[in-house]
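Chemist: Read top to bottom, the protein sequences are chains Y and R.
Note that the first sequence ends on residue 395 in the working numbering; no numbers are left out.
Note that the second sequence ends on residue 395 in the working numbering; no numbers are left out.
Just so you know, these hints were derived from the structure itself, not from any lab.
Remember, predicted model here, so these are calculated numbers, not experimental data.
Same chains, same label: a pair holds when it works inside one copy or across any pair of copies.
Straight-line alpha carbon distances no greater than 30 Å define the calculated DSS-like cross-link-like pairs of lysine-lysine that follow: (1) LYS318 - LYS304; (2) LYS222 - LYS304; (3) LYS352 - LYS187; (4) LYS222 - LYS187; (5) LYS33 - LYS54; (6) LYS304 - LYS187; (7) LYS184 - LYS352; (8) LYS54 - LYS222; (9) LYS381 - LYS33; (10) LYS304 - LYS33; (11) LYS184 - LYS304; (12) LYS352 - LYS155; (13) LYS304 - LYS211.
Number of protein chains: 2
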Amino acid sequence: MADSMLPAMTKHDLPTPALLLDLDRFESNLRKMAAHLRERGLGFRPHAKTHKCLEVARAQIAAGACGICTAKLSEAEVFAAGGIRGLLITTAIIGRQKIERALRLAAAAPDTIFVVDDDNNAQELSDAAQAGKLDLNIAIDLYVGNRTGVAPGGPAVDLAQKLAKLPRLHFQGLQAYVGYASHTAPFAKRCEVSREAVSKAIETRRLLERAGFAVPIVSGGSTGTYNIDSEIQGITEMQPGSFIFMDVEYSRIGGRDGETYSDFSRALTVVATVVSRPEPHKAIVDAGIKSFSTDKGLLPECRSVGGVVYAFAGDEHGRLDLSQAERDVKLGDRLEFVVPHCDPTVNLYDQIHGLRGEKVEAVWKIAARGMSQ
Amino acid sequence: MADSMLPAMTKHDLPTPALLLDLDRFESNLRKMAAHLRERGLGFRPHAKTHKCLEVARAQIAAGACGICTAKLSEAEVFAAGGIRGLLITTAIIGRQKIERALRLAAAAPDTIFVVDDDNNAQELSDAAQAGKLDLNIAIDLYVGNRTGVAPGGPAVDLAQKLAKLPRLHFQGLQAYVGYASHTAPFAKRCEVSREAVSKAIETRRLLERAGFAVPIVSGGSTGTYNIDSEIQGITEMQPGSFIFMDVEYSRIGGRDGETYSDFSRALTVVATVVSRPEPHKAIVDAGIKSFSTDKGLLPECRSVGGVVYAFAGDEHGRLDLSQAERDVKLGDRLEFVVPHCDPTVNLYDQIHGLRGEKVEAVWKIAARGMSQ
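Let the sequences and hints guide you as you build the complete structure.
Modeler: This is how it looks when you write it as structure tokens:
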């Protein structure tokens, strides 16, 4: 829906459950991160797995991002078709069919960077690139975050040397994402964990340079470590995702200056409606497991009425404990909840409703929703 | 995609992660439940919140279902537009806008049944029905399952008497869904819990009949209690959902004859690809929090290789512990996983791939995916 086509609509008009984005907060979060990185001379390539939304990606690029990261090829295809460039796909492209798709993507968006952590996969990419007469930009994915990647140090240098012999593959640098660091609390511990992991990437960079490789890109960092990793010499760009929206999980990681992480504002909520009042201190809302992420046992936090405690009550419902609520809650009341974990929550919805105050200023399609392939 | 348009495709051709349905098992599950209820003279109104898919609903009706349940109005709209009739919407319709939509639905699908648990909501429905010159079928939602509903007994009879005075509303009976019973283990405890809760609905039915009301419908039951509730005199129809697919959660509730609940076959899996092998006993697959439900702490179970243990490794990845694996797992291997909880997992995907053996026989759109409104 084009924004200009929207009738005058407020958040009170939206059928619930619905995903709401406070645009003032979103824009402030975006400006803050972009300025932080710009001031340090670092590239800004935010992770689009958080939002899966073309309009958000465009706003990020307008704010100074050099491109975006996507977790999966199918996400990248959506963004490329929407005109976004500067793509870095953070998961390796495995299997003949996906490699064929990756080549089509590279033809349309030649500056796309693909990651590899395996010799044979690199060989297959090179073979396909030669057959298709296309060049592919490659970053080596380093195993510094307990997820994917080749071991830093010698094994990574070996892989770079193999890449150098493979036609049509162009080594761009390193991906060093430390997933487990991003939610480590408190701040001092997070610094320690992230610095230790990232130091392996920096050492690998040194080894590569000593072996004669240019390493223009070292990409990493997250919303939790943006102000840690950005102080480490040798990182060239950062790929934070959640900072635009924020969630309950990130609120709890502890900030640099105290217990609360409040560097970015909680801009994303889900609005739900009370659909049953079965007991005096209980209310049932129309948002459950299919409307909020449930990983890590975190719960939605009610923003509309203090003291309301949410519990999941099945796939479609939540149960509110009102015994400590600051005011009564009636059938039909609409309540907003900060989401437990933003990325998988956004992935449940088809649209983000951008609010300016109470007015719905924009309805953005979550165009890559469900694109996990 | 029309089935006849499908090229010869096997499950090995599908980009991963993908949702797979073994059609032999699915059809067997469907026949078994339909026969169980038919033999007892009970109506079969399976819950479509599990599948959100028109083709599955059509198969259920072909197997003898009198209609389907949906959890939400927006789901029902999708099924009604697809020609499905006999809809029972199991959550109350709250608020002016949704009531207007409910009236449009009733105009298109006049046999739809709506539930109420509140006087004022009933009044609003009646007012709107009068204004629209339409009749609405109403079931009273009973609070027997710790979620929504009016208290059984006197309060329910009072509500029926109020309904009787409201023009255009036609009382059809009771909804008595006992959510918490469905996964109570073991079987003996499940019997006790379900019978105690359902007895309140049966007693309410008696009170209503004594007060002069016909009660043609008493709807309840689940995949966990289908062979418990179906033996209770006074239940007229059952609304099980998960039995068509099954999942890890239902496997663990205990069967009538022992520790394993194997009344229905595990027909639904997610196929994922190994995208990294960072350590000898670790493999990373391309399916994580966005590809499997995460509620209740249950994990996907690997069906392809014995001894493989899955752990979530973020939104897009899973980490496999191979230390006890029956065989090695290589980069590019495709592994199938039984899903932790079927309903919210299906809601993450756009398509169900129906398999006959290894062949993809059908690709069904999950047309009501994300319809939580």
